[in-house]
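2 protein chains.
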Amino acid sequence: MAQIYGKVALIGLGLIASSMAHAMRRGGVAAEISGYARSQATRDTARRIQLCDTVCDSAEAAVEGADLIVLAVPVGAMGVVAEAIAPHLKPGATVIDVGSVKAAVVEAVGPHVPDGVHFVPTHPMAGTEHSGPEAGFASLFDNRWTLIVPPDGADRAAVERVEAYWQALGANCERMEVTHHDLVCAVVSHIPHLIAYTMVGVADDLSRVSDQEVIKFSAAGFRDFTRIAASDPTMWRDVFLTNKEATLEMLGRFTEELFALQRAIRTGDGEELFDYFTRTRAIRRGIIEAGQDTDAPDFGRAKKHDR
Amino acid sequence: MAQIYGKVALIGLGLIASSMAHAMRRGGVAAEISGYARSQATRDTARRIQLCDTVCDSAEAAVEGADLIVLAVPVGAMGVVAEAIAPHLKPGATVIDVGSVKAAVVEAVGPHVPDGVHFVPTHPMAGTEHSGPEAGFASLFDNRWTLIVPPDGADRAAVERVEAYWQALGANCERMEVTHHDLVCAVVSHIPHLIAYTMVGVADDLSRVSDQEVIKFSAAGFRDFTRIAASDPTMWRDVFLTNKEATLEMLGRFTEELFALQRAIRTGDGEELFDYFTRTRAIRRGIIEAGQDTDAPDFGRAKKHDR
Chain A
914 MAQIYGKVAL IGLGLIASSM AHAMRRGGVA AEISGYARSQ ATRDTARRIQ
964 LCDTVCDSAE AAVEGADLIV LAVPVGAMGV VAEAIAPHLK PGATVIDVGS
1014 VKAAVVEAVG PHVPDGVHFV PTHPMAGTEH SGPEAGFASL FDNRWTLIVP
1064 PDGADRAAVE RVEAYWQALG ANCERMEVTH HDLVCAVVSH IPHLIAYTMV
1114 GVADDLSRVS DQEVIKFSAA GFRDFTRIAA SDPTMWRDVF LTNKEATLEM
1164 LGRFTEELFA LQRAIRTGDG EELFDYFTRT RAIRRGIIEA GQDTDAPDFG
1214 RAKKHDR
Chain B
914 MAQIYGKVAL IGLGLIASSM AHAMRRGGVA AEISGYARSQ ATRDTARRIQ
964 LCDTVCDSAE AAVEGADLIV LAVPVGAMGV VAEAIAPHLK PGATVIDVGS
1014 VKAAVVEAVG PHVPDGVHFV PTHPMAGTEH SGPEAGFASL FDNRWTLIVP
1064 PDGADRAAVE RVEAYWQALG ANCERMEVTH HDLVCAVVSH IPHLIAYTMV
1114 GVADDLSRVS DQEVIKFSAA GFRDFTRIAA SDPTMWRDVF LTNKEATLEM
1164 LGRFTEELFA LQRAIRTGDG EELFDYFTRT RAIRRGIIEA GQDTDAPDFG
1214 RAKKHDR
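Protein sequence lines, in the order shown, are assigned to chains A and B. Under my numbering, the first residue of the first sequence is numbered 914, with each subsequent residue one higher. Under my numbering, the first residue of the second sequence is numbered 914, with each subsequent residue one higher.
Isolated chain A (complex conformation):
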């Protein structure tokens, strides 16, 4: 039990914020947790499940006297929220966000942060396909990476405290520069999501294959795409609108490669296909060795193996 902050204010009460609340309580990381969500329904749910010590009806009220303010709203809403709470921030307080994109957040939030208040962008790389205050659970961040992306001239002590906070929630931390963060995330997260959304959309459109068939036989690979493609639409819309440059660049590379494989299929170049498919196995092995996933069969899904 290591308390890092006194009062922590959660602005936005979705999957990430609600998981942070559970993890803070599990670790005794905060003395008090206040929360705010824009929708009345979400606030009611949060109160019913007692997600926070107090759920306020305004962001301004929630941040009153808070030592740490967590912006856990879609990237597109960060600027507005920051502007609204700015006058109510306690001197010496620290503001963090949990957005999947960083350059756009620094640009939108930074100007509103008053002198004497610290701003440390962070990005917990954990999630599920579920959303909302009831989707959270305390172990979401355990052994997952949280990227700490301090802007130039950020207060060293404030950054280290934020790092200690995320570690207390179970996360491994790594620091990254803003632009590089957005590129890396385009590769490992944003583009995979866009592709999954596209593939699911294609299947949905296909007239000669019924939805029933798509659903029934999804286990054969497609299922992993639908899992990714079920993530929160608002969050992902904002990710692509705010990480446009890196996303479009990676998309270009992706289609380039896809067309090369398409030609290999059309021309019947089995050797190229085989070599390509062999190369991808190495990355997979690396991920298992890095402890980022299990080596269990059936694509890591829980399963009994009775031989």
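It is worth saying that the hints were derived from the structure and are not from the lab. It should be emphasised that the depicted structure is a prediction, and the values quoted were computed from it without experimental measurement. Some hints here could point you the wrong way.
It does not matter which identical chain is meant; a pair holds if it fits inside one copy or across any two.
Claimed, not checked - Only pairs whose alpha carbons sit at most 20 angstroms apart, straight line, appear in this in silico SDA-like list of lysine to any residue:
id, residue 1, residue 2
1, Lys1157, Gly992
2, Lys1003, Glu973
3, Lys1157, Thr1168
4, Lys1129, Glu1170
5, Lys1157, Glu1090
6, Lys1157, Ala990
7, Lys1157, His935
8, Lys1129, Glu1076
9, Lys1129, Glu1202
10, Lys1003, Ala944
11, Lys1003, Gly1029
12, Lys1003, Ala1067
13, Lys1129, His1031
14, Lys1129, Gly1199
15, Lys1003, Ser971
16, Lys1157, Gly1183
17, Lys1157, Glu1087
18, Lys1157, Asp1182
19, Lys1157, Arg951
20, Lys1003, Gly1199
21, Lys1003, Asp980
22, Lys1003, His1031
23, Lys1003, Arg939
24, Lys1157, Ala1016
25, Lys1003, Gln916
Chain A is fixed; fit chain B onto it per the hints.
This is chain B only, laid out in the frame that chain A set:
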């Protein structure tokens, strides 16, 4: 314990065949199991782990007196194997294959099947990213679909027996017409695999993002792609070479959709992105309702939720 066949011969001893061996023993489905693999190393391994009652040094010897012959080799090798074993098949015996593509297999194997021997193409839609005789486990087919794809004029009794056999291995069976099978599988399996291979290849090529970073931060969606992209290269090469038409058609549709989303990102059309991403959630829900996957968070991976 329901014995369906006397002697069953497994030609090819990879993930599918070895899982069939375990499942046959679990269910007492066969009186005797013989096996053959082209590589000496694979045969040695199969003998060491006692995968079959007898492991033969030739396919001809393995099928001697067999009531059911299972062609469990890559689609591209089916024709050669069928030709080799044809003269040694017992009258009244049944030959099945477990290939992921059907039109090409019917074309390659059909002509070699002698009169009085039945040929019933099947496709167990189950697998893992692991390969080889040691990768198999008895529950691989449990509650997964096995598609039965009988050619025109197939013997009704023989087809029903094959169906009973797969059900005894734990599978749910559905009959499908050859061409339709290849289209459905292109959508739910072949294209998702090709896309996963491509995305992993892109990440691997990217100079400004180190492999280390790709691997470290893979949890954010990319991991599911690497899991798919780790499947057996030979099998998948053959799938794309032999299901060329359906694959290329689906690829065309996929890139069409992808370009539409790419334009939406470029022009900043958030509404289109939001609507698209919302639509894909329905399919995901359908898959969970159809019992094809779990609703557990963290993308279905096993995980403790201590709230």
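For each hint, the structure was consulted:
{"no.": "1", "hint": "Lys1157 to Gly992", "in the structure": "within (18 angstroms within a copy, 49 angstroms between copies)"}
{"no.": "2", "hint": "Lys1003 to Glu973", "in the structure": "within (11 angstroms within a copy, 82 angstroms between copies)"}
{"no.": "3", "hint": "Lys1157 to Thr1168", "in the structure": "both (16 angstroms within a copy, 19 angstroms between copies)"}
{"no.": "4", "hint": "Lys1129 to Glu1170", "in the structure": "neither (30 angstroms within a copy, 23 angstroms between copies)"}
{"no.": "5", "hint": "Lys1157 to Glu1090", "in the structure": "within (18 angstroms within a copy, 44 angstroms between copies)"}
{"no.": "6", "hint": "Lys1157 to Ala990", "in the structure": "within (17 angstroms within a copy, 46 angstroms between copies)"}
{"no.": "7", "hint": "Lys1157 to His935", "in the structure": "neither (33 angstroms within a copy, 50 angstroms between copies)"}
{"no.": "8", "hint": "Lys1129 to Glu1076", "in the structure": "between (44 angstroms within a copy, 18 angstroms between copies)"}
{"no.": "9", "hint": "Lys1129 to Glu1202", "in the structure": "between (33 angstroms within a copy, 10 angstroms between copies)"}
{"no.": "10", "hint": "Lys1003 to Ala944", "in the structure": "within (16 angstroms within a copy, 78 angstroms between copies)"}
{"no.": "11", "hint": "Lys1003 to Gly1029", "in the structure": "within (9 angstroms within a copy, 87 angstroms between copies)"}
{"no.": "12", "hint": "Lys1003 to Ala1067", "in the structure": "within (18 angstroms within a copy, 79 angstroms between copies)"}
{"no.": "13", "hint": "Lys1129 to His1031", "in the structure": "neither (51 angstroms within a copy, 28 angstroms between copies)"}
{"no.": "14", "hint": "Lys1129 to Gly1199", "in the structure": "between (32 angstroms within a copy, 9 angstroms between copies)"}
{"no.": "15", "hint": "Lys1003 to Ser971", "in the structure": "within (16 angstroms within a copy, 80 angstroms between copies)"}
{"no.": "16", "hint": "Lys1157 to Gly1183", "in the structure": "between (35 angstroms within a copy, 12 angstroms between copies)"}
{"no.": "17", "hint": "Lys1157 to Glu1087", "in the structure": "neither (24 angstroms within a copy, 44 angstroms between copies)"}
{"no.": "18", "hint": "Lys1157 to Asp1182", "in the structure": "between (35 angstroms within a copy, 11 angstroms between copies)"}
{"no.": "19", "hint": "Lys1157 to Arg951", "in the structure": "neither (26 angstroms within a copy, 50 angstroms between copies)"}
{"no.": "20", "hint": "Lys1003 to Gly1199", "in the structure": "neither (45 angstroms within a copy, 47 angstroms between copies)"}
{"no.": "21", "hint": "Lys1003 to Asp980", "in the structure": "within (7 angstroms within a copy, 81 angstroms between copies)"}
{"no.": "22", "hint": "Lys1003 to His1031", "in the structure": "within (10 angstroms within a copy, 81 angstroms between copies)"}
{"no.": "23", "hint": "Lys1003 to Arg939", "in the structure": "neither (26 angstroms within a copy, 67 angstroms between copies)"}
{"no.": "24", "hint": "Lys1157 to Ala1016", "in the structure": "within (11 angstroms within a copy, 42 angstroms between copies)"}
{"no.": "25", "hint": "Lys1003 to Gln916", "in the structure": "within (19 angstroms within a copy, 76 angstroms between copies)"}
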